[in-house]
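Novice: Residues per chain, in single letters:
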Amino acid sequence: MAVRQEREKRVFQKRKVCRYCADKNLVIDYKDFKSLKYFTSERGKIIPRRISGNCALHQRKVTVAIERARNIAFLPFTTIKSHPSH
Amino acid sequence: MRRYETIFIADPDLGEEDVKGITEKIKGLIEAKGGQVEKAEDWGTRKLAYEVKKKSRGHYLYIKFSGKSDLVAELERNLRINEGVIKYQSVQVEEQKPAAQAAPAPVPAETAAEA
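Protein sequences, first through last, are from chains R and D. In terms of the working numbering, the first sequence opens at residue 1 and continues consecutively. In terms of the working numbering, the second sequence opens at residue 87 and continues consecutively.
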């Protein structure tokens, strides 16, 4: 019973609203890399829509913006981290 | 005529005068090819997200202009030849849709990004 409740709770928490739909004044711009950083992981990967909560249209725009920002060295393609096992 | 914006990264070890020289050359080229320079900005030296030509810093320069597509090709050809330029990117400026005009935000958001 307890497990079931927990699962339901988690499903509910997942629901997120696209922040660009919620605030129409926000503009996705590749030059504004500080706000794009929010949509990348620590390693510099683009966070998928199911986690970021963006709608399809805005996720596409964010992706293009991140790719442009990467191209002009605002954002990293990847981060090189020294691995302890190597 | 379309509107474009080009960001190019100059070698951070170049002097002020050299950087100015490159910018003036680019501006002259745009005007010679029948384009119009709308805005030219110097964003100064910034840290790069990754190394480019063994440099970890770069001098960012921004130019917004209007012109034909062959102008962009010619501009990029010149940037490629120029030794002082380590990276460049040209993007067509997205026109704001009429529906978005009600929102006054686009301009402040852009200036915030440049700061």
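Read the hints as simulated data drawn from the structure, not as lab findings. We put the CB at the ideal spot given by N, CA and C, even for glycine. One should not assume that every hint holds.
Using C-beta positions, here's what the derived DEER-type ranges look like [unchecked claim]:
| # | chain 1 | residue 1 | chain 2 | residue 2 | range |
| --- | --- | --- | --- | --- | --- |
| 1 | D | Ala118 | R | Gly44 | 27 to 33 Å |
| 2 | D | Glu102 | R | Ser41 | 34 to 40 Å |
| 3 | D | Arg88 | R | Tyr38 | 47 to 53 Å |
| 4 | D | Lys150 | R | Ile80 | 31 to 37 Å |
| 5 | D | Asn164 | R | Ile47 | 26 to 32 Å |
| 6 | R | Asn71 | D | Glu102 | 24 to 30 Å |
| 7 | D | Asn164 | R | Ile80 | 29 to 35 Å |
Here are some chain R residues the structure puts well away from chain D; computed CB gaps all over 10 Å [as the list claims (entries may be wrong)]:
| # | residue |
| --- | --- |
| 8 | Cys21 |
| 9 | Thr63 |
| 10 | Arg68 |
| 11 | Ala73 |
Distance condition first, Cα-Cα at most 30 Å in a straight line; then the derived DSS-like pairs of lysine-lysine [as the list claims (entries may be wrong)]:
| # | chain 1 | residue 1 | chain 2 | residue 2 |
| --- | --- | --- | --- | --- |
| 12 | D | Lys113 | D | Lys133 |
| 13 | R | Lys37 | D | Lys154 |
| 14 | D | Lys154 | D | Lys119 |
| 15 | R | Lys37 | D | Lys111 |
Novice: Look at each hint and say if it fits the structure.
Specialist: Do the hints match the structure? See the list:
no., hint, verdict
1, Ala118(D) / Gly44(R): 27 to 33 Å, "40 Å, violated"
2, Glu102(D) / Ser41(R): 34 to 40 Å, "38 Å, holds"
3, Arg88(D) / Tyr38(R): 47 to 53 Å, "31 Å, violated"
4, Lys150(D) / Ile80(R): 31 to 37 Å, "34 Å, holds"
5, Asn164(D) / Ile47(R): 26 to 32 Å, "38 Å, violated"
6, Asn71(R) / Glu102(D): 24 to 30 Å, "27 Å, holds"
7, Asn164(D) / Ile80(R): 29 to 35 Å, "33 Å, holds"
8, Cys21, "13 Å, holds"
9, Thr63, "15 Å, holds"
10, Arg68, "6 Å, violated"
11, Ala73, "4 Å, violated"
12, Lys113(D) / Lys133(D), "25 Å, holds"
13, Lys37(R) / Lys154(D), "33 Å, violated"
14, Lys154(D) / Lys119(D), "9 Å, holds"
15, Lys37(R) / Lys111(D), "34 Å, violated"
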